[in-house]
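When we follow UniProt numbering, the leftmost residue of the sequence shown carries the number 1, and every step to the right adds one.
There's no promise every hint is true.
Unchecked claim - Calculated pairs, DSSO-like style, for lysine-lysine (alpha carbon to alpha carbon, straight line, at most 27 angstroms): (1) 193 to 145; (2) 231 to 145; (3) 231 to 193; (4) 192 to 231; (5) 145 to 192.
In case anyone wonders, no lab produced these hints; they're calculated from the structure.
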Amino acid sequence: MARSVLTNDDLWRVTTIFSRGKAAAQWRDGNLAAALGHVYLLEHLPALLLTPAAMEAAAANGHLAVVQWIHSNRPETRSPCAMLCAAENNHLHIVSWLHAHAYPDALAMDAAAAAGHLEVVQWLHAVVRSPRSCSVRAMDQAAEKGHLDVLQWLHLYRREGCTTDAMDYAACAGHLGIVQWLAAHRREGCTKKALLYAAFNGHLAVVQFLCGLPAFQTTDDIQRAMHLSGKNGQRHVADWLRTTLSITRM
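Please construct the entire structure, taking both the sequences and the accompanying hints into account.
Next comes the structure, spelled out in structure tokens:
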């Protein structure tokens, strides 16, 4: 109920007129008004204080009318990060509008990929020609956050590729399917951190998979992972690694 009032212009006007709190005429927080989508307050209260964070919040929350109002009426508070905020929160209609009005698209695809918004990623790929909209972080972050569909699409249609961070952080988060897919389809591989992170966080299935790779079959790797998992209370992982270590030493 409270959110319905805060995000509805008509209800907001009625509430602020009759409440004992701060009346609409005394409201000064333009950034909050923008974040909540209050075009009425922006239009009728010229004393509102706005910063570029207002456009960023409006874009992140899907308030296109507010983004448009700020663009037309308060150009000094336009934000170069608006498209990134919209892409990160899956507001394709705002991404499209901002692109049509020449707003910067730097790292917009990275942000959409990290959040798992494949449709936004695909739209940016089809429309935006700037190389700055996407980097290796797109695949790295998609892997870290568990978005296999985005990861696979980027692998097929983009050239940026990824780094060892992709498998390292997928392992850290326990995304076994992504770790397996990266091992099968990419050449970047991972670092020692993949096994150590997975062991520390108790992701036994990931640990077991990584220990089956040639890169992690040394006793030193297994000992370090066993120590970390035991230190963090992941006894099931430590016990499995201890058994594996004893077999390795035979």
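List of violated hint numbers, smallest to largest: Going through the list in order, the structure violates no hint and respects every one.
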